[in-house]
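**Q** Chain R is fixed; fit chain A onto it per the hints.
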Amino acid sequence: MGEALAENIVYRHVYEFILSVFGSELAWLAYAIATFSVVLLVVNVLMLLATFYTWAERRLLGRFTNRLGPNRAGPFGLLQALADAVKLLTKEDIVPRSADRWVFNIAPIVMLGSVLMAMGVIPLGEKTFLADLNIGLLYLVAVSGLGSIAVLMAGYASANKFSTFGAMRAAAVLISYEIPLVMSLLSITILAGSMSLIEVVNSQTIPFLLVTPLAAFIFLTAMSAELNRSPFDITEGESEIVAGYLTEYSGMKFGTFMLAEFAALMVAGAVFAVLFLQGWKWAILPSHIWMLLKVGLFALLATWVRSTLPRLRPDQILTFAWKFLFPLSLINVIALSVQRLLLADEFGNLQQQDMWLMVVSNWILMVVAVPVLIKITNRKSGIPFGESAKFHVGKGV
Amino acid sequence: MSLHTEPVVVNIGPHHPSTHGVFRMRVTFDGENVQDVEPVIGYLHRGTEKLAEERQYSQVITLTDRLDYVASMTNNQAYVLSCEKLIDIEVPDRGKYLRTIAAELQRVASHLVGVGFFLAELGGFGGTALMYCFRERERILDMFEMLCGARITVSFMRIGGVFQDAPEEFWPALRKFLDEMPGYADELNKLIFESEIVQARTKNVSVISADQAIDASLTGPILRASGVPWDIRAAQPYDAYDQVKFDVITAQGGDNFDRFWVRMLEVEQSLKIIEQCYRDIRSGPVRSTTSLLFRPSPGEAYVPIEAPKGELGFYLVSDGSIAPYRCKIRSPSFISLTLFKEMLVGWKLADIIVSLGSLDFNMGEVDR
Chain R
96 MGEALAENIV YRHVYEFILS VFGSELAWLA YAIATFSVVL LVVNVLMLLA
146 TFYTWAERRL LGRFTNRLGP NRAGPFGLLQ ALADAVKLLT KEDIVPRSAD
196 RWVFNIAPIV MLGSVLMAMG VIPLGEKTFL ADLNIGLLYL VAVSGLGSIA
246 VLMAGYASAN KFSTFGAMRA AAVLISYEIP LVMSLLSITI LAGSMSLIEV
296 VNSQTIPFLL VTPLAAFIFL TAMSAELNRS PFDITEGESE IVAGYLTEYS
346 GMKFGTFMLA EFAALMVAGA VFAVLFLQGW KWAILPSHIW MLLKVGLFAL
396 LATWVRSTLP RLRPDQILTF AWKFLFPLSL INVIALSVQR LLLADEFGNL
446 QQQDMWLMVV SNWILMVVAV PVLIKITNRK SGIPFGESAK FHVGKGV
Chain A
14 MSLHTEPVVV NIGPHHPSTH GVFRMRVTFD GENVQDVEPV IGYLHRGTEK
64 LAEERQYSQV ITLTDRLDYV ASMTNNQAYV LSCEKLIDIE VPDRGKYLRT
114 IAAELQRVAS HLVGVGFFLA ELGGFGGTAL MYCFRERERI LDMFEMLCGA
164 RITVSFMRIG GVFQDAPEEF WPALRKFLDE MPGYADELNK LIFESEIVQA
214 RTKNVSVISA DQAIDASLTG PILRASGVPW DIRAAQPYDA YDQVKFDVIT
264 AQGGDNFDRF WVRMLEVEQS LKIIEQCYRD IRSGPVRSTT SLLFRPSPGE
314 AYVPIEAPKG ELGFYLVSDG SIAPYRCKIR SPSFISLTLF KEMLVGWKLA
364 DIIVSLGSLD FNMGEVDR
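Residue numbers (my numbering), protein chains in the order written: chain R, 96 to 492; chain A, 14 to 381.
Check the hints yourself; a few may be wrong.
Quick list of in silico lysine-lysine cross-link-like pairs, DSS-like style, CA-CA up to 30 Å [to be verified]:
| no. | chain 1 | residue 1 | chain 2 | residue 2 |
| --- | --- | --- | --- | --- |
| 1 | A | 63 | A | 361 |
| 2 | A | 216 | A | 189 |
| 3 | R | 376 | R | 222 |
| 4 | A | 216 | A | 63 |
| 5 | A | 189 | A | 285 |
| 6 | A | 354 | A | 98 |
| 7 | R | 470 | A | 63 |
| 8 | A | 216 | A | 285 |
| 9 | R | 418 | A | 361 |
| 10 | R | 256 | R | 186 |
| 11 | A | 216 | R | 418 |
| 12 | A | 285 | R | 470 |
| 13 | A | 216 | A | 354 |
| 14 | A | 341 | A | 361 |
| 15 | A | 258 | A | 203 |
| 16 | R | 256 | A | 216 |
| 17 | A | 361 | R | 256 |
| 18 | A | 203 | A | 361 |
| 19 | A | 361 | R | 470 |
| 20 | A | 203 | A | 285 |
| 21 | A | 98 | A | 341 |
| 22 | A | 203 | R | 418 |
| 23 | A | 203 | A | 189 |
| 24 | A | 354 | A | 341 |
| 25 | A | 258 | A | 98 |
| 26 | A | 354 | R | 256 |
| 27 | A | 98 | A | 63 |
By construction, these hints were calculated from the structure, which means they are not laboratory data.
Here chain R stands alone, though its shape is the one from the complex:
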């Protein structure tokens, strides 16, 4: 951690400032304060992004649905998130009498904690990261799983049947979609030869989105399931189980959940950018701006999907995970392994022309594998993927 932090501009300035004021005998204090300020910065960047995104999504969704969206608080309604936060803070904080108080109260904290912890390994720009873990991807998987545990805790502790439904659905989705998600991360590891997120970015001479489109597709799908985004938003499913695990939450605990959810989306966007879009790298603009733009692209995609697709039934979601995504991710991992075995030189490195070869073969693989798998899934599960509307209109009387 120390090495990575030492390169951080904020860290360096704060550290040197404190040293110049107090002298070098208080180096430990300078180290502590500088580290703390960097962590605070990263956390606040994430929180600000998340609150900004709540506004952006509502505005965008408004446009998608022929509405204006929030436009009253501040210019273009930009202060809407602030207004919401004030409203939520002034609401009564209700804990149901039969609830498991302790679990009920810490569930939102666990949820937010899991998102914040994920920020620890994600590079936000060139040389801007808290830690360069050599098992970064593994850490991400572990930490993001914690979020679903928080949902389970909230649903169980609320002592409400709708909440329990939501929690059980969350558990089912977690178990099913973690596997394709990990498989798609595995294919990134195969390509980059490392689990460190910094290494993953550095090894992307070509964006991995081009090299392995299947992994990107699987990642996006599995991620939207993990994030309870449409069309996999069964955990909250507002028309069916009221608000799912959130039913009994009010006030700022509810706000914390919502904030964590939006922050999780931002983190997912950052992970997607790092894994598939060359992270902070690109031309002309500073690296942090590129990172923001790529996260914004992911967020836009998420909002767009949300306004276009209805929700799947829980059993269909699970069928989709096990019978379609899982085999697809297996195929992808096997294909990438074989390609790497054949193409890598004696040091295990991939040259750029080899990468281009992989681009071609993987796109061909996607074009072939997806329709074939759809056909097989279709026959076995009876879910009509790819079946167009066929209707007979009879005339009466």
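**A** Showing chain A alone in chain R's frame:
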């Protein structure tokens, strides 16, 4: 080792986002599967039938507005038709045409609400589908405002005709609507009916066979979705329906998808009817000169109409006084709920909400 499980009873409603008002279901769940379901109604009971007995015939029209509050026009129509039969008066031609136009506009509006909420219950679209539907409904309500000054509780139809002739600005607005609506309907169809998720969610779910539907005396789009070509507008024409040509839409499946596909196609037919009325309407009086206060000779009358949700009729019994002796409302929504249990048991939690939406019932009409 097998895990010990037991069924759990969940009260869905009366306060629930998708129970169309204050409908309550007491559902026994085995996991997500529905084992048993019991409807509990009466939360919106206002005693309309009894209230009608206390009022003069012409005063009851405002009560009918509040029955099915997303289709007030057709409620008015059913009531005044029964009254007209009771006192045996003829409505002028222009009045008939205006009534038909208003009723068909109301059908479009009601079907849009039905389809919109059905899709909202399918979950998400982030509200897109619902807002698309409501955008067009809004224009219809604007036209109602031109006709009678009210948007929801219209009281537009009167015994012997309609409240007043349509104002000048109504006709260009109607023309514009007729020209633009087919495009919007296409847009909606592209968003919804070509969506694989919608089809996967709704096809072959909660199937009602034709025999079942007839046995339960279902009417309207639900009956036609099961393949029975029964439409009162065609079978026993009232108002100007004998002057217009239209198709009775049926589908064969009887599942959730068919039920709302039939509604979307009926919107098309309604536009066709309005188009013909717009073409054929001639100037003249819109209302026969009948006193507001009348005493029909003792007798009874029942004129069924094809309301957006099915057969709606007011069975009026007169004892020769100024108020009806009895006013029995045959409301389609209430009867649509007959097959409730057969439709829902055995399906999943996510399905029963959608199946309920496909019935497109309205609690104002169920409880009366």
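**Q** Hint by hint, note whether the structure agrees.
**A** Hint-by-hint comparison with the structure:
1. A:63 x A:361: 39 Å, violated
2. A:216 x A:189: 35 Å, violated
3. R:376 x R:222: 11 Å, holds
4. A:216 x A:63: Measuring from Cα to Cα gives roughly 42 Å; hence the hint is violated.
5. A:189 x A:285: 14 Å, holds
6. A:354 x A:98: Status violated; Cα separation ~37 Å.
7. R:470 x A:63: Violated, because 60 Å separates the two Cα atoms, which is more than 30 Å.
8. A:216 x A:285: 28 Å, holds
9. R:418 x A:361: 20 Å, holds
10. R:256 x R:186: 24 Å, holds
11. A:216 x R:418: 21 Å, holds
12. A:285 x R:470: Not OK: residue 285 of chain A and residue 470 of chain R at ~41 Å, beyond 30 Å, violated.
13. A:216 x A:354: 19 Å, holds
14. A:341 x A:361: Violated. Residue 341 of chain A to residue 361 of chain A sits at ~36 Å, over the 30 Å cutoff.
15. A:258 x A:203: 27 Å, holds
16. R:256 x A:216: Judged against 30 Å, a Cα distance of about 28 Å means the pair holds.
17. A:361 x R:256: 15 Å, holds
18. A:203 x A:361: 27 Å, holds
19. A:361 x R:470: 26 Å, holds
20. A:203 x A:285: 21 Å, holds
21. A:98 x A:341: 15 Å, holds
22. A:203 x R:418: 28 Å, holds
23. A:203 x A:189: 22 Å, holds
24. A:354 x A:341: 25 Å, holds
25. A:258 x A:98: Distance ~25 Å between residue 258 of chain A and residue 98 of chain A Cα, so the pair holds.
26. A:354 x R:256: Roughly 22 Å between the alpha carbons, so the hint for residue 354 of chain A and residue 256 of chain R holds.
27. A:98 x A:63: This hinted pair holds, its Cα atoms lying about 21 Å apart.
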